[in-house]
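Participant: So the chains spell out like this:
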Amino acid sequence: MSRPKILVQLDPDPQASLFDAVVAVDSDVDQLLQYRQVEPAQVRDLVHGAVFTRGPKDLHQTAIFVGGSDVAQGERLLEHVVDSFFGPLRVSVFLDANGANTTAAAAVLAAERHLSLAGCTATVLAATGPVGQRVVRILAGEGCHVRVASRSMERAAAVCAQVNDAGHASQTEPVATTDENALTAALDGAQLVIAAGAAGIRLLPEKVMAQSNLQVAIDLNAVPPLGMEAVEVMDQAEQRGDCICYGAVGVGGTKMKIHKAAIRKLFTQNDLVLDVDEVFALGREVVGAGD
Amino acid sequence: MSRPKILVQLDPDPQASLFDAVVAVDSDVDQLLQYRQVEPAQVRDLVHGAVFTRGPKDLHQTAIFVGGSDVAQGERLLEHVVDSFFGPLRVSVFLDANGANTTAAAAVLAAERHLSLAGCTATVLAATGPVGQRVVRILAGEGCHVRVASRSMERAAAVCAQVNDAGHASQTEPVATTDENALTAALDGAQLVIAAGAAGIRLLPEKVMAQSNLQVAIDLNAVPPLGMEAVEVMDQAEQRGDCICYGAVGVGGTKMKIHKAAIRKLFTQNDLVLDVDEVFALGREVVGAGD
Amino acid sequence: MSRPKILVQLDPDPQASLFDAVVAVDSDVDQLLQYRQVEPAQVRDLVHGAVFTRGPKDLHQTAIFVGGSDVAQGERLLEHVVDSFFGPLRVSVFLDANGANTTAAAAVLAAERHLSLAGCTATVLAATGPVGQRVVRILAGEGCHVRVASRSMERAAAVCAQVNDAGHASQTEPVATTDENALTAALDGAQLVIAAGAAGIRLLPEKVMAQSNLQVAIDLNAVPPLGMEAVEVMDQAEQRGDCICYGAVGVGGTKMKIHKAAIRKLFTQNDLVLDVDEVFALGREVVGAGD
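In the order they appear, the protein sequences are chains W, V and H. Using our numbering, the first residue of the first sequence is number 1, and each one after it goes up by one. Using our numbering, the first residue of the second sequence is number 1, and each one after it goes up by one. Using our numbering, the first residue of the third sequence is number 1, and each one after it goes up by one.
Hints are supplied without guarantee of correctness; some may be wrong.
When chains are identical, the list treats them as one kind, so a pair holds in a single copy or across two.
Restricting the straight-line Cα-Cα distance to at most 30 Å, the calculated cross-link-like pairs of lysine-lysine (DSS-like) are [claimed, not checked]:
hint, residue 1, residue 2
1, 207, 257
2, 57, 207
3, 57, 260
4, 57, 265
5, 57, 257
6, 265, 207
Hints listed in this document are in silico derivations from the structure and should not be mistaken for laboratory results.
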C-alpha cells in the first residue's frame, strides 16, 4: 500500500500562494502542507522533517514545491533545500516562484510550434528579469542566437556572461534598448521576439514591430498596458500581418499543463530538482503528447 | 470527473478559527485551505489564485469562507473579495465572521416557529452590534415592526436609518434603553424580544420581563451573566410563564445546520454571495426540511 | 457514517513541525489542521472550536497534538488545553514536543529488551533536560534505582525531588558528574546508562565506559560529537565489549512506531491525555506486538 502523496509548499510571502495551492490539489496531491513566511534559516528543519519520516522506498511520495512572488527568494530557498539533504535521504523539489519556470518554458514552446529554434535569431525584451533570464537560457540551449535586451547594457551583459558561462549550445549578445532606434536595431533580422517585462510596462510600440520581419511575437505581460502594442493578451497563434502572436493568456494554457505535469513528476522519484532546464524538457513532453 | 471541492478560509485573526475549520470538514469540503492574519490588501492575490486556476465549468468547485472574530473586519474582507472578481471569473463566498449571520438567522427562525413575523412587534436589545443589526434587518424584511434598542439613541437611530434605507418590508424605530422604565416601555406591546448583547452583559432583568406580554424571548449570549435573567442558556422552546424561551445553546443546533447548509450551497454555483439575507433564506429552507 | 478524523497540530514554533505533520498523515489522520506560533492565550478559543463543533458521540474523531521544539512551551500549551475542556466536552490530546515522550519511552523499551528494570541500577546522564527527566521518571516507575546525573547537583536534586514526590516505585538519587572521577563513580555498579544530552555534547568518554560493568548503554544524541564516545549513532543492540549499545537512530524505529500508535490511539476515545506515562505504556504494547 503506497503512502499518501505529500506536497510541502514553501513560500516566503506573507500569505502562501493560493494559485499554487489549487494547482497542487488539481495535480493529484493527496496532502498539501502550506508553509508561508519561510526564511532560509528555517528550511533545514523542514527538509529534515521531510526526509526523516518515511523510509527510503517511500521518500518519492513526499515532495517540495518552492513558490512565492519573488524569484530570487525562491532560488535561495531552493539552494537551502538541496543543501539540507543527507545523501540519498532526499525528496524531489520543484521551483516555480512567480511562475517563472513554467512561463518561460511555455513561451519558448509556443515559439517552437512555428519556428525552428536552432540557428534562428531571437530578441528577448526585458531579458534581465527572472522570466527573461530563463527565456534566454532556454533559447540559448536550443541553439538560438539570442539578443539579450535591457535598458541597461551592463545588466544585459551580466546576463549574457552568466548564460554563456553555463556552456549552452549558442552564444548570447547584449543589446541596450534605450530608444526606438536601438529597439529597431535589436529586432533587425530577428525571427522571434519575446517580451518578459514587468506588469504594465510597454516594451514594443506597434510602429517598431511593423518595420521588423518577425515571424513570432510573444508578450508575457497580462496587465495593461501590455508589453507589445500590437499583441492582445488573449492572442494564441493569432496571425497579425506576417507575424504569429501570443499574449500572456494565450500561453497560459500550456503553462498550466506544464505546472501540473511538474507536480505529478515530483512523485515518480525522490531525487529530482525541477528548475528551468528540467521544466522546459518536461514541457516539451507535455506539448508533444498533444497540447 | 469533478474537481475536489476547495474551501478557502480567510480569517483576519492571529489564528484561523478552528470552529469554522471543523464545520467545513464536516460539510463535505474535500480540501480546506486556511489563511489567517489576512489583510484587505492581500485579498486580491488570493482571489486571483482562486479564479485563475480552474476553468469556468469547474469554478463552482472552489469557494471562499470569510470568518474571524471581528464582523467589521470580515465585512471589509468580503468587499475586497467581491471587488477582486473578473466578471464571470468568480467563485462563491460566504461571510460568517463571529457566526453573526448564522446566529441572527437561527434566532429569527426560532421566533418564527411560534409567531407570525409579519405585523408583529419585536424589540431587539443591544441591536447596534453585528448580530443585533442582522437580526433587525431580517425582522424588518419579514414585516415586523422592529424597535431597535441601544443604550445610545444615536447609534440606534443610525442602525434604523441604514435598515430603512435598504427598503425593507417594514420600518424600524430607535429606542434608548437607558433605565428600567425605558426598557419596560421598549417591551410594551411587543410579542418578541431578542437580546444580541456581548458576552456577560445582563440586558433584561426578570422583573421587567414579568411585566411584559412577550410571547417569545431569545437570548443569544452564552456566557454568564446571561442577557436575560429569566432565560437559561440551554432553553429551547422552554415555556416560562406565558413566554416561550430560547437560550444561546438552544438556537445553536439550528445555527450549526444553517452553517453547514451554507458551506454546501457554495459549491452548487460559482456566483453566490452569502450574507445575512441569503443565509436567512437558506436557513428557512433548512428548517422547513425538518429541523 | 463516522466523521473524518481531524488532528489539530498546536505548535509554538515559527513554523509548525513538518516531521510531526508527515507522521500524522502516515497515521491515518483524515484531516490535519496545522497551527503554528500558538500562544497559551490562544489555546482556549482553539479548544472550544474542537469541542463545540461535533456531538458527544463524534468527539473522539477530533484530537489535538502538541508539538514544537521547546518541551516547556509544549507542557504549558498542554495545561491550557486540558484547562479549556468543559467537563465531558473534551477531546484527546498527545504531547510530544521535541519528540521527548516518544524518545524517552523508546530508550527505556530498548533497555528493557536486555535487562530486568525492577531492581537494576541505572544512570541517566544529562538527566535534567526534558528527555532526561522523562527517562528518569519512567525508570523510577519501573522500579529501577536511578542515579540522576547532571553537572549541577542542585538541578539533579530538584529533578529527584519532583520524581520522588510523584510516588514512583523506587527512589532516585542525584549525582553531580563534574569530572571523570565523579562520572566513574556515577556508573559504578550500574547495569544501564542512558545519555539524554543536547546535540553535539560528549557526555561519556570511552575510557570511563571501559571501566564500568554496564550491560546496556543508550545514547540519544544524533548529532556529532555523540554523547557516548564508544557508541555509534546507528547502533541497534550492537555488542561492544560486554555492553549492548544503542545510538539515536538505533532507537528511532521504535520511537516512530510509538509516535504513530499514539496518534491512532487518540481517536479511540475522547478523554485521553497522552503524556510520558501513557506514552510509555503504549510503547510497551507496541513493542510487545512484535517490534
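Participant: Does each hint fit the structure? Answer for all of them.
Facilitator: Hint by hint, here is what the structure shows:
1. For the identical chains of this complex, residue 207 and residue 257 are neighbours neither inside a copy (34 Å) nor across copies (63 Å), given an alpha-carbon limit of 30 Å.
2. Proximity of residue 57 and residue 207 under a CA criterion of 30 Å is satisfied in neither setting, with 59 Å inside one chain copy and 40 Å between copies.
3. Taking the closest pair of Cα atoms, residue 57 and residue 260 come within 30 Å of each other both inside a single copy (24 Å) and across two copies (18 Å).
4. In the homo-oligomer, the alpha carbons of residue 57 and residue 265 lie at most 30 Å apart both inside one protomer (16 Å) and across protomers (26 Å), since each shortest distance falls under that limit.
5. Proximity of residue 57 to residue 257 under the C-alpha cut-off of 30 Å is found in both arrangements, the shortest distances being 28 Å within a copy and 17 Å between copies.
6. Taking the closest pair of Cα atoms, residue 265 and residue 207 never come within 30 Å of each other, the shortest separation being 44 Å inside a single copy and 52 Å across copies.
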